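Throw the hints in and build the complete structure from the sequences for me.
This is what each chain is made of:
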Amino acid sequence: MSKLGLIIEREYMTRVRKKSFILTTLITPIGFLIFFIVIMFLMTSGTDQKKVVIIDESGILGLDSSALASNSQVVFEYNKTIKLNELKKTIKENNFDGILFIPKTAVQNIENIPELKSLKVEFYAHQQLGMNAQSYIQSVLAERLKSIKLADLGIETVKLEKAEIKSSDIQFDPKNLGDENKKEKDVSGSRIYVATFLGGVMMFLIYFVIIIYGNMVMRSVMEEKTNRIVEIIISSVKPFELMLGKIIGVGAVGLTQFGIWAVTIPTLNFIVSLFFVGRLQNSNSMMQSAKVNPDEMENFAEILQELWSFNYFEIFFFFMLFFLAGYILYASLFAAIGAAMGDDWGEGQSLTMIVVIPVILAFYIGIAVIEDPNSSLGVFASIFPLFSPVVMPARIVFEPPMWQILLSLLLLLGNCWLFVWISGRIYRAGILMYGKKTTLRELVKWMFLKE
Amino acid sequence: MFVSRVKIELCRLSFKLRLFDIIFGHPNLNLISVNILSLESVFKKYQTKTAVDNVSFNVPKGSIFGLLGPNGAGKTSIIRIITSITRADTGTVLFNGERLYEKHRTQIGYMPEERGLYKKMKVGEQLTYLSRLKGLTKKEAKDRIEYWYNKFDISSWHNKKVEELSKGMQQKIQFIATIIHDPLLLILDEPFSGLDPVNANLIRDEILELKNKGTSIIFSTHRMEQVEQICEEIVLIHEGKNVLNGKVSDIKQQFKEHLFEVEFKGDFNNSVDSVAIPVSISEGKAVLKLNEGVSPNKLLSEIISKEIEIVSFREILPSLNEIFIKTVQK
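Residue numbers (the working numbering), protein chains in the order written: chain A, 950 to 1400; chain B, 105 to 434.
Hints in this document: simulated from the structure, not taken from any laboratory.
Careful, some of the hints might be misleading.
[What the hints assert, rightly or not] Covered stretches of chain B (chain A as the covering partner; in silico rule of three or more C-beta atoms under 8 Å from a C-beta of chain A):
#1 158–170
#2 183–196
#3 250–264
[What the hints assert, rightly or not] In silico lysine-lysine, PhoX-like type, Cα no more than 20 Å apart, as pairs:
#4 A/K967 to B/K389
#5 A/K967 to B/K264
#6 A/K1000 to A/K1032
#7 A/K968 to B/K224
#8 A/K1187 to B/K345
#9 A/K952 to B/K242
#10 A/K952 to B/K246
#11 B/K243 to A/K952
#12 B/K207 to A/K952
#13 B/K243 to A/K968
#14 A/K968 to B/K264
#15 B/K265 to A/K968
#16 A/K1394 to B/K351
#17 B/K153 to A/K1394
#18 B/K265 to A/K967
#19 A/K967 to B/K223
#20 B/K315 to B/K165
#21 B/K224 to A/K967
This structure is a prediction, so every number in the text was calculated from the model and none was measured.
Note that beta-carbon positions come from the ideal geometry of N, C-alpha and C, so glycine has one too.
If you want it as structure tokens, here you go:
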């Protein structure tokens, strides 16, 4: 095996076998799983039907309980005979879960219901209702009041339904102007949501990797320097090989971790979701029967559709390129800083900032760029090589012109090479320097030092 | 890619030339070079100061060679050039008759003054890694490690992390890591610093054994008593310059002050002024400085003629320490 291979192997193996690595690699999917299970429970919980008895002192509802539709969560019963106080005591014997009480004071003028702006109802129970059940009751009562109002005003429900139109019924169909040869593309609203999400995730991933794994490279360089083993190693291999091996080895650790997550997190969540399928269908049918926000369902379907409409091959291809080049560029800088630092952490902080600041800046620019992907800031930042590894992946889902992607990539790769070279020179000089506090000026000097 | 290609071609060329040399003979036949290492007018300048200033010396094969000098004299700079950590600005370095280049790294073992190992790594893995970096195969590394485990009786350390070992134990591992690939040239920078007497003896015996097997050893130190014990030749570096170079015995001769110690019985009243000046005379012992042009035999016969009973008579040679101080203070 080549020496570079040996170094990569050592850097990789020592990290992958560490307890901390194994723990974080395992705990993260489990964390996601728990999060997923909690969400699932929340979505499907409260399917026990609640029996609610209505005491309408005000008489506003007018009719018997059949006017109020029950669903899988709530069953209504209408009671005219028993008084509230009595019922409160006998609620358990009567097998009611709660009492919905509409006091007389809730309605001031029963003759003029159309003037009613709001309705205050009381709900007595040993165990309060869940969010879904409560909002269901609210919507059922509102529906009922509305129909009473309409009837009083002499408006036919059918006519009203005909007149109704929502903002979401206005179909907004943006078409990109530009290249004549290109087909005009549909850019729907949900597509932008999905793109924002995807771009954000990719951007955050790269940001995270650069900071976390870049720091790992830096610490490792410092450790070798303060351990003094570096002099033994570089009597066997070139400093540049050592640095490169470290960067590649640590990077491979990162890829391994993400690879494991990319497989385990969806798999675990899929397995768990199988257990929830039955319950989920229940709650779906409940939503449909209750007609809770059909718009949302529609949106959801549209989002799913949009999710499939992206060119994932292209996105993934460029994402990996920017990811790798960005990591290597910054990791090499971290390595150089690590070599320049002595045993003293505090002293090196200001040097670390030189590397960390552009990354953080890129991240914040990226957030702004996701909001407005084709702003001049976005175009600049996604091409400028210190920002592009973070910003371009955020922008790439919004399909910027290909020349910008390629120019950005070209500049990034060129700079990646340049920074690795510069860092290699600083590294080479730095690892053999002890005792002095390193200034930025010295780093520049080291770059031009002879071998 | 291109560079490595060129290197391979150069290798081939030098190999062919050597074959040619072997078959037809050549005045500077590389294969029978008597020196494992030759430095010729080596210069190395750092930003402001000249660390190595026109240094030349030869390290004969199979010898223990002392690289001496006060702290900051440039010893480490020279070692770093030999180990290919840095490169000389000008001058040539020949290793075993060839121009020094990277492949020679595998034939050199280097133990820096500041020791270091990966603290979190297990002893066995560490030794395997370091020996494979020196070009051993997995199998070779395993065998050699086994050999040294048995020799030092430390097989039980195999799965221990280095940080779990005592400092002396770590030094042993460090030493094994330095010599595990059977280097032709071994460079030890202050090998005894921080060692207790037992371990120091152990390491010294190993060094001598390696020498007997034919390993050439460069021994860098400023501790002169150790040099006197084990080195045959030395070079003394001061302020980057080569100030003294040669066999230890020759150098001692060169610096001798013609002092003789005479042990006797009775009185030493009778003067031998005509041949020597007494430096010190005490009960039964006198130190005399021979006058110029007078042979020791003349002094001896002079003393005998004064009817003084001689118990012993020997020349006092300067210690390396004295020579060192004298030279450096000049």
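Going down the list of hints, with the structure as the test:
Interface restraint, the region 158–170 of chain B with chain A: violated (0 residues with C-beta to C-beta distance below 8 Å; minimum three). Check on the region 183–196 of chain B: 7 of its residues sit with their Cβ under 8 Å from a Cβ of chain A, so the three-residue criterion for coverage holds. Coverage of the region 250–264 of chain B by chain A is violated. Counting CB-CB distances below 8 Å, 0 residues qualify, and the rule asks for three or more. As the CA atoms of A/K967 and B/K389 are separated by approximately 70 Å, the hinted pair breaks the 20 Å bound.
With a CA separation close to 15 Å, the supplied pair A/K967 and B/K264 stays within the 20 Å bound. A C-alpha spacing of about 17 Å is found between A/K1000 and A/K1032, which places the hinted pair at or below 20 Å, so the restraint holds. Proximity of A/K968 to B/K224 is assessed by CA-CA distance (about 12 Å); at most 20 Å being required, the pair is judged to hold. Simply put, A/K1187 and B/K345 have alpha-carbon atoms about 28 Å apart, too far for the 20 Å limit, and the pair is violated.
The suggested pairing of A/K952 with B/K242 holds, with an alpha-carbon distance near 13 Å, which does not exceed 20 Å. The straight-line distance between the Cα atoms of A/K952 and B/K246 is roughly 18 Å, inside the 20 Å bound, and the hint therefore holds. For the proposed pair B/K243 and A/K952, the alpha carbon gap of about 16 Å is at most 20 Å, so the pair holds. A distance of roughly 12 Å separates the Cα atoms of B/K207 and A/K952; the hinted pair therefore holds under the 20 Å criterion.
With a CA separation close to 29 Å, the supplied pair B/K243 and A/K968 exceeds the 20 Å bound. For the given pair, A/K968 sits about 17 Å from B/K264 by alpha-carbon distance, which is consistent with the 20 Å threshold. Simply put, B/K265 and A/K968 have alpha-carbon atoms about 15 Å apart, close enough for the 20 Å limit, and the pair holds. Distance restraint check for A/K1394 and B/K351: the Cα-Cα separation of roughly 42 Å exceeds the 20 Å cut-off, and the hinted pair is therefore not satisfied.
Distance restraint check for B/K153 and A/K1394: the Cα-Cα separation of roughly 15 Å lies within the 20 Å cut-off, and the hinted pair is therefore satisfied. Distance restraint check for B/K265 and A/K967: the Cα-Cα separation of roughly 13 Å lies within the 20 Å cut-off, and the hinted pair is therefore satisfied. Distance restraint check for A/K967 and B/K223: the Cα-Cα separation of roughly 14 Å lies within the 20 Å cut-off, and the hinted pair is therefore satisfied. This hinted pair checks out: B/K315 and B/K165 have alpha carbons roughly 10 Å apart, not beyond 20 Å.
Distance check on the hinted pair: B/K224 and A/K967 sit about 10 Å apart at the alpha-carbon level, within 20 Å; holds.
This entry does not satisfy hints 1, 3, 4, 8, 13 and 16, going by the numbered hints stated previously.
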